[in-house]
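Make the full structure from the sequences, and use the hints.
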Amino acid sequence: MPRPTRYQPTSTPVPAATMPAAGPGPIMPASAPAPPIVTAATARTPSGCAVPRLLNMSLTMRPPIHIGGACRIIMAELRRDRALTAPPPRANLKQGPSPPRKEAVPMTRLIVADAAMRNLLAKREDAHKYVYGHALVLSGGPGKGGAARLAARAALRVGAGLVTIAAPQPAIAEHAAQLNAVMLTPLPDSYSLRGMLTQDKRLNALLLGPGMGINRAREMVPAALWAERATVLDADAITAFAENPVQLFGMLHDKVVLTPHMGEFGRLFPDLAQAAKDGSLTHVEATRHAADRAGCTVLLKGAETAIAAPTGETALHRAVGTTAAPWLATAGSGDVLSGIVTGLLARGLSPFEAAGTGAWLHAAAARAYGPGLISEDLPEMLPRVFADLGL
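Residue numbers (full-length UniProt numbering): 1 to 391.
In short, the hints are calculated from the structure, not lab data.
Hints may be right or wrong, so weigh each one.
16 Å max Cα-Cα, derived EDC-like pairs, lysine to aspartate or glutamate [stated by the list, open to error]: (1) K255 / E228; (2) K144 / E174; (3) K255 / E313; (4) K255 / D292; (5) K201 / E228; (6) K277 / E304.
Simulated restraints on C-beta separations [to be verified]: (7) A387 / A181: 18 to 26 Å; (8) R384 / P270: 34 to 42 Å; (9) N180 / K277: 13 to 21 Å; (10) P383 / W226: 48 to 56 Å; (11) Y191 / V246: 19 to 27 Å; (12) M262 / P371: 22 to 30 Å; (13) Y130 / P383: 17 to 25 Å; (14) P371 / W226: 41 to 49 Å; (15) K277 / E243: 15 to 23 Å; (16) P270 / A387: 41 to 49 Å; (17) G263 / L389: 28 to 36 Å; (18) D271 / P383: 37 to 45 Å; (19) D114 / P188: 44 to 52 Å.
As the structure is a computational prediction, the values presented were derived from the model and not from experiment.
Heads up, the beta-carbon is just placed ideally off N, CA and C, and yes, glycines get one too.
Now the structure itself:
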């Protein structure tokens with residue numbers, strides 16, 4: 001591919017004879033402060049936005065419509081809240097009040113490793129374990145604890161000061177045989193959970209769902225959300241409310257992160273999932289609507305992981321092309337991701353920061369290991385990822 005060259009906006013029409021019949025041109029960085037002027041001699045996209053056919057424009061910060069799907073290869077449309085066309089001369093403007101402007105679509109941030117991420121992940125030289133929080137991972141019964149152990153180990157590896165698994169008494173011995181640094185506590189019912197959270201204010205991040213079982217999740221989620229701590233809901237904690245999502249939405253708060261894959265997303269937001277599947281909404285747009293409806297941060301897992309906060313802020317992590325991590329398609333990798341996000345919440349990151357940073361770390365750990373990865377390997381690769389970041 002030819003090297004990018006600087007594009008200088010001009011009002012001179014592009015001769016139609018110079019337009020190629022088809023195919024992309026060189027990729028041009030869009031660094032000008034104002035949109036380029038385009039004329040009738042340019043091509044138009046299906047949505048009616050005029051774009052020079054000789055150019056494919058690339059933005060560092062892009063609206064959701066530009067990201068994902070067919071736009072992975074060529075970005076053929078530039079739009080914020082107005083069409084990319086030359087403004088009419090001032091003399092031709094109609095007098096009177098201006099028509100109402102369409103609400104601008106929030107910009108979507110692409111998640112990359114940068115100085116801001118390193119600052120979030122760095123630890124103070126004078127810190128102790130209680131500075132970095134205490135994560136509580138709720139587990140299912142005997143034979144169901146593997147997912148909780150994966151998540152708990154990931155939370156500890158990502159830097160939570162302490163991590164405890166809370167499980168039914170019959171499952172404690174199973175966990176104890178396979179864990180050392182992760183602590184254990186029996187938790188028979190939701191009444192006990194309320195008491196635990198009331199007595200120990202240092203439990204500042206909770207994870208519910210992985211391996212819990214539908215019935216236990218349905219019982220425990222209201223008690224966890226009642227405490228209004230930073231909370232991740234995944235897997236069974238999402239599916240438990242598939243028949244009545246509104247019940248869950250009424251309990252959620254802005255410290256919660258939902259981490260569904262598309263199947264689980266469809267159980268809570270069937271209309272948005274269908275719109276994302278048929279292409280009427282991008283994954284970013286569907287996730288933004290879901291976060292607004294639920295009143296919490298939503299992380300929609302996939303090769304392109306979309307993240308949205310209830311404020312409308314959105315981000316995208318793209319594990320495709322040179323950043324692909326296909327080895328994450330293995331049992332338990334989602335449990336590790338939810339544990340990473342929980343550990344980051346315990347460390348004090350905001351829900352939106354924890355979700356975005358967690359998605360990047362998750363994929364980076366998979367790339368660091370490579371082929372043959374199983375979920376148990378992911379937490380063990382986080383130290384290498386941190387070293388590569390210079391931490």
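Hints, verified against the model:
The suggested pairing of K255 with E228 holds, with an alpha-carbon distance near 7 Å, which does not exceed 16 Å. With a CA separation close to 10 Å, the supplied pair K144 and E174 stays within the 16 Å bound. With a CA separation close to 15 Å, the supplied pair K255 and E313 stays within the 16 Å bound. As the CA atoms of K255 and D292 are separated by approximately 14 Å, the hinted pair is consistent with the 16 Å bound.
Under the criterion of a C-alpha separation no larger than 16 Å, the hint pairing K201 with E228 is consistent with the structure, at around 11 Å. The suggested pairing of K277 with E304 holds, with an alpha-carbon distance near 14 Å, which does not exceed 16 Å. A hinted range of 18 to 26 Å holds for the C-beta pair A387 and A181, which are about 20 Å apart. Between R384 and P270 the CB atoms are about 40 Å apart, so this pair conforms to the stated range of 34 to 42 Å.
For the pair N180 and K277, the supplied restraint of 13 to 21 Å is violated, since their beta-carbon distance comes to about 44 Å. Between P383 and W226, the C-beta spacing of about 36 Å breaks the proposed range 48 to 56 Å. One distance hint, 19 to 27 Å for the beta-carbon pair Y191 and V246, holds here, with the actual separation near 25 Å. Here the CB-CB span from M262 to P371 is close to 25 Å, well matched to the stated 22 to 30 Å.
Taking 17 to 25 Å as the suggested C-beta distance range, the pair Y130 and P383 conforms, at roughly 22 Å. For P371 and W226, the Cβ-Cβ distance of about 44 Å falls inside the hinted range of 41 to 49 Å, so the restraint holds. Between K277 and E243 the Cβ separation comes to about 21 Å, which falls inside the hinted range of 15 to 23 Å. P270 and A387 have their C-beta atoms about 43 Å apart, which keeps the hinted 41 to 49 Å range intact.
Restraint check, G263 to L389: a C-beta distance of roughly 32 Å satisfies the suggested window 28 to 36 Å. At roughly 42 Å, the beta carbons of D271 and P383 sit within the given window of 37 to 45 Å. In this structure the hint that D114 and P188 lie 44 to 52 Å apart at CB holds, the actual value being about 45 Å.
In summary, the numbered hints that this structure violates are 9 and 10.
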